[in-house]
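As a plain string of letters, each chain reads:
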Amino acid sequence: MSSIFGFYAGSHSASSVLIVDGEIKFAVEEERVTRVKSGLQYETYPVLSHSLIQNKSGVDANNADFIVVADPYHQDFMNKLNGGRFESISHHLAHNCSAYFLSGMEGKVLSISLDGGGDTSYGKVYLCENGEMSLIKNIPISTQGSIAAVWAFTTNAIRGYDYNGDSIWKMLKDEGKLMGMAPDGKFRQSYYNILKSIVNYDNEKFYPVNSGGRTRYVIDLIRPFGEFEIEENLLDFAHCLQLVTEEVVLKFIEELHQNFPTIKKLCFSGGLFANVKLNQKINELPWVEEIFISPAMGDEGLAMGCALHKANQLGEIKKPLKINNVRFGVSYSDEEVLEISHYYKVFRYKYDELKIADDLNNGKIIGWFQEGMEFGPRALGSRSILVRPTDYSTHSELNKRLGRYDTMPFAPMVLEEEFEEVFTCSKSKYAAQFMTICYSTKPEWIDKIPAVIQKSDKTARPQVINQENNLMVWSLMKNYQKLSGIPLLLNTSFNIHNEPIIEKPSDAFQHLVDNVVDKLVIGNYVYENRRRKN
Amino acid sequence: MFTKIGDVKIELDFNKGVFMSVKGPQRLYYYVIQEYTKNNDRPKLIEGHQLNTTPIPEQEGFNRLKIDIEFYMDFEIVLYSFDYDNGIIPIYSHRYNDRDKYVQFNLVTENFEEAEMWEKSVLKYSDLHGCQPIIVSQFDEINHRNKNYFLTHHS
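One line per chain: the protein sequences are R and W, in this order.
Numbering-wise (the working numbering), the first sequence opens with residue 1 and increments by one.
Numbering-wise (the working numbering), the second sequence opens with residue 1001 and increments by one.
Do not take every clue at face value.
[Claimed, not checked] To spell it out: a stretch of chain R is covered by chain W in this simulated footprint if at least three of its residues, at any positions, have a beta carbon under 8 Å from a beta carbon of chain W; those stretches are:
{"#": "1", "region": "192-204"}
{"#": "2", "region": "215-225"}
[To be verified] Far from chain R, some chain W residues (derived; all Cβ distances over 10 Å):
{"#": "3", "residue": "1001"}
{"#": "4", "residue": "1093"}
{"#": "5", "residue": "1095"}
{"#": "6", "residue": "1099"}
{"#": "7", "residue": "1111"}
{"#": "8", "residue": "1130"}
Please keep in mind that the hints were generated in silico from the structure rather than gathered at the bench.
Note that the Cβ used here is the ideal one computed from N, Cα and C, for glycine as well.
Kindly generate the complete structure, drawing on both the sequences and the hints.
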């Protein structure tokens, strides 16, 4: 039995993961500790995330049994760890391990990764069974194209640049804004043709090459003439980008299905699969039994993939794990939190779920800080802001408090026992525990929960809550349901716009004293702003 | 070499590296340079960038492609323009390779053994790329072992 550190130390999304004796102990993204979002700062090493894990676990890279890093990595940083004694695995093998070994899937599975480029590939496909993975397809950067690169370069260029030459929207950070706009746009033949000339799929190949360069060429050519300052154009372009994405990826997946017709379970990784609308389309394919998306599908998940790969090699993880949650961050005791609270003008009292459920029903905005921070881009009930889903005006109020200006919809948590009552498709509920798929809302629920539904296509990105994956939130939701008749809550990430999700209690207290949230639940206590009371 | 495709003027020169400049009605054009490897009809990307036809004085160089690499391999340069209704469309391509061409290799050494070592590399290269090598060295033995050119034109 052994201790394994997994790292990603590439150009962005650095992270650290510790697995001991086949059990995931800690997983921390560097941005949560540096407090600078990955898309806003490049060339970061997983220094602080490693230190955080080291302080809590007593295991550091210098005395771990194994260190594994994904390509590409900064040689200087890795050489300083453990005297430069480490192993590296390919970028897309790490991606696929982060999906397959957390998928809980038994039998034959196809694991697919697609992104904007990692070492020499845009993606890989593995045939997996009983904990073994065989490479069956590679998508080389030198000969093929990438739909994920189109998203990245569109995001980076479409809003233009500031006086310093920095893009207004950032790749690796703001792609979700475009995706959120897509349902509000409409089909436009010229935009569709433009995008198909940038990326397409046929005969087992994404083409043409250099999708990122082609995207930038087009956007830089037409944007300076004000093309995307017209809101309608921006929405239509986003709509066509989503459409082309779904077309080419579904064609790719259908082709895989023709080659492997008996395999009906798919798992996904790579930044492209942060696209929850695409995941919905895949999940709705009639022949698909179940899909799973790595909860940390972007490059932050590579550290997890590295550590899982090694644990599998050592025989400590023999088959895919079924995890209840991704609360792999550091947790804080009530005593630690109380001590930190003394630095803020706040007061506390014992948590009463009936009272908080009542507050939610009355429209209060609740900061929710429990156990270890989530690993991956989604707040899943550890570092969340909870609000009632019944009031559309919540959008403007939350946007005001969080400094958001986007049209992006907020997402709900839903009680598992009511999931099929509210949403139309019941497949892949395990994946939905990690908020990685959209579902269509049943017509009778659309007017009841307007704050958590995309206003044009009436879909939502629910997180399925049950007693096993989050007992405290499940119990709160049950009480809220008794008061309101609604088995859902709005759940958004606990951070103001452009900042990473919070990690420490002090970050949460700052949000409370800044009136971002009305109340803050940490551990077994509720904190309120003393100035607000007075 | 100058070419005109409609109202787009293209200047190409492969004598010292790869040079291309474009003048046309669009502000930006786009090019790729790609390499064909042996027995593979799918080219590999070497690079792809925009070309600015209205150069900004401080950014001189963006209006022309200049790569200080001498290409002896099988490569292709493709120029694209943009059409609002159809997207990116190729308007010109030029493929260059050594296949069946006479290529002269000058072995600059006074050491016979070193020259023989280079001769092996030349033959390996010519086998890979299908060119007819002409080897010029200080050693007649080596020169005459590789006398395709002379057989055709001087014998």
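Evaluation of the provided hints:
| no. | hint | verdict |
| --- | --- | --- |
| 1 | 192-204 | holds (count 6) |
| 2 | 215-225 | holds (count 6) |
| 3 | 1001 | holds, 24 Å |
| 4 | 1093 | holds, 13 Å |
| 5 | 1095 | holds, 16 Å |
| 6 | 1099 | holds, 21 Å |
| 7 | 1111 | holds, 38 Å |
| 8 | 1130 | holds, 21 Å |
Consistency with the previously given hints is maintained throughout, with no hint failing.
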